[in-house]
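Chain by chain, the residues run as shown.
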Amino acid sequence: MRHFLYAAAAVAAFATPVAAETIAITGGRVVVGDGTAPIEGGTVVIRDGKIVAAGATVAIPSGARQIDAAGKWVTPGVFAGFSRLGLAEVDAVNGTNDKSGGRSGFSAAIDVAPAIDPFRSPIAVNRSSGVTRAVVAPESAGSIFAGQGAIADLGADGSPVTKVRAFQFAEFGEEGAASAGGSRAGTHLHFRAMLREAQDYAAGRGTFDDDLLKAEDAKALLSVLRGDTRLLIHVEGANDMLRLMELKREFPAIKMVFVGVSEGWRVARELAQAGIPVIASALNDLPATFEMLGATQSNIGRMKDAGVQVAIGMINDRDSHQLRYTTQYAGNIVSLQYVPGATGLTWDEAFAAISSVPAEIMGVGDRLGSLKAGRAADVVVWDGDPLELSSAATMVIIDGVEQPLGNRQNRLRDRYARPTEGDLPKAYDR
Amino acid sequence: MKSNFRWSLLAAPLALAACTNTSEAPQSASAVPAENLRTFDKNPYPSTYKAYPGVATAIRNVTIFDGEGGRIENGVVFFANGKVSGVGGADTAIPEGTKIIDGTGKFVTPGIIDIHSHLGDYPTPSVEAHSDGNEATSPTTPEVWAEHSVWPQDPGFSRALANGGVTALQVLPGSANLMGGRSVVLKNVYARTMQGMKFPDAPYGLKMACGENPKRVYGSKGRMPSTRMGNIAVNRQTWIKAQEYKKRRDSGKDYTRDIGMETLAGVLDGDISIQNHCYRADEMAIVLDMAKEFGYKVSTFHHAVESYKIADLLRDNGVCSAVWADWWGFKMEAYDAIPENAAILHNTGACVVIHSDDENQIQRLNQEAAKAQADGRRMGFNISDADVIKWLTYNPAKALGISDKTGSLKAGKMADVVLWNGNPLSVYARPDKVWIDGALMFDASTPKLRPVSDFELGQPGEGDVK
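Chains X and F are the protein sequences, given in the same order.
The first sequence: position 426 = 426 (the working numbering), numbered continuously.
One rule links them: number in the working numbering = place in the second sequence (from 1) + 1000.
Next up, chain F with everything else stripped away, as it sits in the complex (with noise of 0.2 Å):
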């Protein structure tokens, strides 16, 4: 395999450089003699991130839908330092000293968290120079990660905030690869650098793809691989030297650090989570073997839309499916999605993400969950809009690994709110508020809260509404 030869190559240099900074051990070290204990920074690029000051806030008045699936009606959310503190109904105490907004007519969510985007990977303006998703040049690249790419100037990440209300992403490398690399996910929050909007603490995803996408970009080259068996034989090619790798890695003797290698070992170890771009039913169902065959786990189906086929295997498996609400027909892949394929999912008991890998769509998930639930209610599933909020929020945050932080409206977790002007399963709802870490990053009322990134300073349009 040409492509392995490409990652030693590559990681080769980096190897004198394995033990200058370290600060975590990797998972097994207790396994392996200390005197062989070979150590590295796990964490090379860390989050900067810190939460802007907040005042303690509490919305009262309001519908709470709370992100795990509870509603509570004229309700009361506060938050301080941070944190979400409180969350109750009307009779829940507020400290004295809060800031009180009355909600009366709207609705609290936790914030959106969309799982599948290309912001500041593929930013906007969408020009060759910014097109920095796909290293398409080999079909295994898992040495390479997002956030090397990320132009945290990227206009699209003010409009997620504004219109859709989303609070963290994941950005993902694109799906020319069948190991595309590792994802990042970062908090909505401009910042200078790629690390000031990095979530922290939040686990690595390693990025795979099925499918169409690798074997025309591959087989168009004349290369290997240009069938879908041919995607199944490089990925077990693949897996079995992480598995050597692993096993080196582990014994203590010496071995030459390799970059991809790292990154598929920390699947191996259960430390970077597989979020893999995947449309058929029946690939899917390969995956997961495969995933049994070298024992890791898929976190999530992406785009997945025939996950409703096999919605009982993917509820047996734990796995999630990342869906849109209703694209198809673009490629024959897509051809048999259904608008009802979350609901049938739901009602399977599988558990349902709504995505949007799309510049625009992730400035409206809310109203893609909300036609998805309209389209299995046809079908006779009705599905609570407290549920459907969870697509959106808790499930995305499970998915990701960061469920202990974000994704519902618990006390403890970060105060990471959306306050709508009406329901935001409706077409005419928007934002009004959002906080991050419980500091109000937007509001709809305050021109001076709307962020404009460089790229928009002095343009036309700059700090419009949008």
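Same shape as in the complex, but just chain X (with noise of 0.2 Å):
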């Protein structure tokens, strides 16, 4: 009974937004979201779910829906770089985490994608937050190789994914090494090993009785090797980062990202060379594990510098609750160009990092993570600074459809925003 209670409360709270329509958002700061400087008195054209342009001199079409954003600020959505959205309702409630299905005996082939459920709150929450985009993955659990991640949208609907099977996750560094045996030597064989029986499954020679792969498995496997699927590895010191990428150059066509990469810094040269493009935790700078002796929150602000191409993720920080967390790590990286010796970036590559580069990274920056011309509408009217804790989303925009902003913390601070009960108990204070 009471289930069906809380569904249809549920039910009510995400109520289907209206269908796309054209909306010129005229007057605010427009944020390109490309890392170029914003645009005063800017103006932003949505059609069809797509922008149709943002600049200084953009005609407004007649009939749109003219949004005055004078005095705020105008960016695409949030992209959140590295996330487990949608996959958790509560983290430590087995019945509402789907993060990790290695328990399944499948690895690689395990897809994400029906797990992601956009009525669970955080995705509600993190909306409000002006988050429009994350990249999710699955956990791993017993394979390097954790499974197929997706790229969702966060919009008040029931299709949350944008790209399913946008790439497969792997664990490198010290949880890596615990799924393989215990060394990172089992790591390495453990890839090699798994893509080689990949390779047999495709030629017909896979035996799959004593193999480290399941059927599905190894076709997900060969996605990858074929570089059609992106790689994405949580990789923290510079050691595995060097080790991963002699593996890249044995297997050329991998496209591989690396995630996390708290020691990147130290190989950062090394990465450009390379072109392996990073999804970076902000703010890392504690010895957490030793394979992160090295962490420093300049080290997004010095791999940038070094060339490489670096987006902001919080891979195992947080990281099915608190994507809205994004935009202040993106103001600290900020915050450092003030502190002297430090490397930060300025706030227009922060916000890039946050928005294009992460799109681009993940191979859908012609479609998303910008306010480019034909990309997704994806766009958010911010009362102030989008980086500044004091500011708050005040419109949020997904595929040109404007969104609810209501959350069911929303609902408890109205309950409570007076403790003491009235006339009658709290519970039919709604």
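Simulated from the structure, these hints should not be mistaken for laboratory data.
One should not assume that every hint holds.
[Stated by the list, open to error] If the Cβ cut is set under 8 Å, some of the chain F residues that face chain X in the computed set are:
1) Y1122
2) P1152
3) G1156
4) D1282
5) M1332
6) N1360
7) Q1367
8) A1429
Computed from a prediction, not measured in an experiment: that's the story for all the values here.
Beta carbons: idealized from backbone N, C-alpha and C, even for Gly.
Both chains come to you apart, so use the hints to assemble them.
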């Protein structure tokens, strides 16, 4: 009974937004998201769910719904570079946590897409903070290959997946070694052996008796081996990155993207040379593990200076619930510019690192992540500098559709703004 | 109760040493005949912290948040001999021979105080061998002291100083146990020993925990408690024993020392404060009744994600809530957490402390407070910057019983001072300089004034900006 009641409430809370319309947002400080400077008093025009134009001199189509953004900021939605968004309602409540499918007996074949639940409250909470897209990855368990992740949108509708099987996710370093028998030697052996099994499968030679992979896993890895699917690899330490770059030379078709990368600055030149993009944790600065001894908040700035393509992501850092930290993290990277000896990003670069750059790294920069013409109309209007702690999103548009900004937390807030009970118990107050 | 036998067994060998080092009598000593007076050293691991030398310093042309809700534009802060000696407006006289720092465009606050940290007890690197925060072998371990787990080489202390402006912190045992043990307050100054970091004359706290953690840890071992009612039952049984222990101790008759019971009796004496991990509002209300039942006071509910639901009750009981800005959803008892928690508490007149419980967020307590302030503003609660700084300075000092010594910029208090390169409630601000007891312990412009723990010496990134 209780479950039914809850379900009914949830449906009401996620009323379907109105369909895409033609919208002109005028007068705001427009941030395109590609690293260029904000445009004062700019206009953003949206039609059929796409950006038509964004700039200082943009014609407003007749019949467009006009939104006055004077005094506000208008940006692409935040593109969370790494997350487990939509995979858990309450992390420690197993029935609601779909992050890891490791005990299924499968590894690379696991596809998180059906587990991304758009009705879970983290979607609504992070949407109301201006996050509109997210890279969603499975967690690993028992294999270095965790499975296939997706790119999701945070729209209040029943179809969260923008791009299914957008990448394969793998664990290297300490976590990978733990899955591969306890040694990094095992990680590399597993990596090679599994890829060889995938090739055997393609050639019809797979036995799948004593193999590391099941047929479905082999199919998924084949796509990685051919370079059709990106391989996102969680790696933190300098040595692990150097060794991975050697593997990359062995398997040149694999499109590697490094995630985490706390010691990236130590091998920044090599990363740039190898053309490996990174989705980096922004603020790691502690030796949490021995593979993170060199962690510093200046990591992202130093890598960027060395020519590495760098986006911000939040691996293993409240990555199912707090993607709304993304703007705060980017703001912190900007603040480093004012710290003697530290290396940060300019504001424009930092915003790009949470919008266009992650989209580009994931191969969808032509469709998502900025306010350039033709991109999906993921647009956020903010009441101030979006990287500043005092600011909030006042309007969120995804695929051209204005989104509801309410969430469960707002309801609790409203109920308890004055905590003392009135004429009836709080349970009647809604 | 199995656990109670356990304390007695542990305590027995220590009893002989009870009288050897007498420095302080129990509070109730005057009530007992002198010949029966049993005294023991209440402070057997005393602080050896000494303030480092400083120079008389004045910061002028600076915006001051005094930590008690005051704000002075274009003000002057000066300190000498380790103490704040003056705070005022532009016309404040600065004694001759004082080093002058121009604070134009900058902000001064008291040192940030984190009331909830596990630095030293769960240090980085976070390896199993460093996991010293939970004596998860019995649901009640009031006999353990967090200070005996503190590793003074934790690299986290330096990050809290340099990025967070943290000058003092309470290190607590973890929350596996209903009664986790004694906390310790540290000065955020590296030392070779724990004693060298210990905040002089800070009262002890007792860490207690409600809810999911104790019942999960022990329930999963097939032991009591496995339910919330079990949690309270074990607590009450233990408090009854503590009352009996205190009665015997105060009777002047011979008794066997029990270090766990000494801590609980210290709580009943009012010497040791209760620092109670508790998420849910309904459980906090039960704890408040339990405290009345046994005659102790709760200083602070930690984590307290549902405090907003009973802000009036907490106000009326004079209990602080130490909270995050916006953590939620990681466990069932954190499901109803809302970002407006702090603002609703403040608006209702209850005490707010922003805490970290985290080696990363301890570096950004100012930012967490700023987010909580902004969420309040959006619901129509305008809380001034100066009041928000109080959440990080005076309020935690008060909840720890050290507000007579630190926590605000008042003449005579410890010169624990942070100069920020901008408004600390902005994401773009960082500490420029940090003084502890008037000694310059961090200076962003001076690489030599960036502490490097033994662990990081000779490692990649030694002395880096971090």
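The hints, checked one at a time:
no., hint, in the structure
1, Y1122, "11 Å, violated"
2, P1152, "16 Å, violated"
3, G1156, "6 Å, holds"
4, D1282, "12 Å, violated"
5, M1332, "6 Å, holds"
6, N1360, "7 Å, holds"
7, Q1367, "6 Å, holds"
8, A1429, "7 Å, holds"
The structure does not agree with the numbered hints 1, 2, 4 stated previously, though it agrees with the rest.
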